[in-house]
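Start from the sequences and build out the full structure, keeping to the hints where you can.
Here the sequence shown is numbered in the numbering used here, starting from 5 and rising by one per residue.
Check the hints yourself; a few may be wrong.
Claimed, not checked - Using 25 Å as the maximum straight-line C-alpha spacing, the simulated PhoX-like pairs for lysine-lysine come out as follows: (1) K225 to K237; (2) K146 to K97; (3) K130 to K97; (4) K146 to K136; (5) K79 to K97; (6) K94 to K130; (7) K79 to K94.
None of these hints come from the bench; they were simulated from the model.
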Amino acid sequence: MNTILTLTVLVAAICHQSTALRLPRTPAELLHMSRTLALAATPNDDVCQNTTSSCADCSRVNLCAYVGGHWAFLKTSTCPDSAPFCEAGKCVKEDRAGCNLPPVSTDFRCYEGFDGYYPSPDDCAKYYVCSKGVAYVYNCQKDHIYSQARGMCVRRDTDPDACFVFPCSGDEVSYHLYQPDQAIYGVCTPGLGVSVSRCPTANYRIDPQNPYSPCEAYCSKQGRIPDIEDPRKYYECNLAPTRSYGDDVPDCKHCSDPRTLTDPVAQYCPPDTVFNSRLERCVEPDAVLP
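Here it is as C-alpha cells:
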C-alpha cells in the first residue's frame with residue numbers, strides 16, 4: 005500500500021511539473037520515470053522547502069515529492085523560453101523576483117568558441133547571446149524585430165529586410181545562409197529543427213551545396229577584408245562592372261552578390277607588414293595606429 009501511495013505521489017508531482025515546463029509524457033513513460041526517481045530520491049527538506057516545487061534559482065525549478073515521512077528531491081528543470089523565470093516554484097514570463105539576469109534558453113545551442121549574437125532560426129522578434137557556451141534569450145517588444153547588423157531590436161518598418169527565417173523543408177538535412185549576415189548559417193535537421201552557427205569571422209561563409217568545405221571569403225560591401233589565416237593576405241571587394249547597354253546588370257558570372265559586388269580578389273601586403281582590418285591598409289606590425 006505504501007509503495008502504491010509513493011508511486012501515486014511521484015506521478016502526480018511529475019505530471020504537475022511537466023505541464024509547467026512543457027514536457028508531455030505518456031502514462032507508460034510517467035510510470036517508468038516514477039520508478040526511477042523513487043529509487044534515486046533522497047531526503048532534502050531544505051531544498052524542497054516543504055512543497056512539490058521550489059525555485060533553485062532565477063530560472064530553474066526543483067521538483068520534490070513527500071515520501072516516507074519527508075520531502076525527497078527528485079530533479080531540477082530549467083524553465084522554457086516562453087516562461088523563463090522562476091517565482092514561487094513556477095515558471096513565469098516576467099522577472100518579478102528582481103533577478104536582473106537575462107533568462108537562459110533551453111531551445112538554442114551555443115557551440116564552443118563561437119560566442120556572440122545570433123538570430124532566432126524561426127522568430128524574427130527573438131535573439132540569443134552566447135556567452136561561455138550558455139545561450140541567453142532576448143525578446144523584442146511589439147512591432148520590433150531583431151537586426152543582426154546592429155545586434156539589437158529595431159522597429160520593423162525601419163528595416164524589414166532584417167527579418168529572415170530559415171526555409172527548412174523536406175526530409176533531408178539542408179544548409180542555408182542567413183541572408184542578413186551570411187557568415188551565419190542554419191542546419192535544418194528533420195525532426196530536430198534548426199541548429200545555428202557561424203564562420204569564425206565576418207565576410208566568410210560556407211557553401212550550402214558543400215557545407216563540409218572550409219568557410220571562404222565573400223564580399224558583403226565594397227572595400228577590403230582580411231584573410232583569417234595569413235596576416236599579410238587580404239581581399240579586395242569591388243563594385244561589379246555593368247553591361248554596356250546600361251541596364252545595371254553585373255557583367256560577371258560568379259559575383260558574391262549578383263546585384264552589386266564581384267567575388268573577392270586576393271592581395272598580399274609587402275614583406276614585414278600586415279593587413280589592418282580597421283584601416284583596411286597594410287601597416288608595420290608594431291605601428292602606432294590613429
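Taking the hints in turn, this is what the structure says about them:
1. K225 to K237: Roughly 18 Å between the alpha carbons, so the hint for K225 and K237 holds.
2. K146 to K97: 15 Å, holds
3. K130 to K97: 14 Å, holds
4. K146 to K136: 30 Å, violated
5. K79 to K97: Holds, at about 22 Å.
6. K94 to K130: Between K94 and K130 the Cα gap is close to 23 Å, so the pair holds against 25 Å.
7. K79 to K94: Holds, at roughly 14 Å.
Going down the numbered hints, you'll see the structure goes against just number 4.
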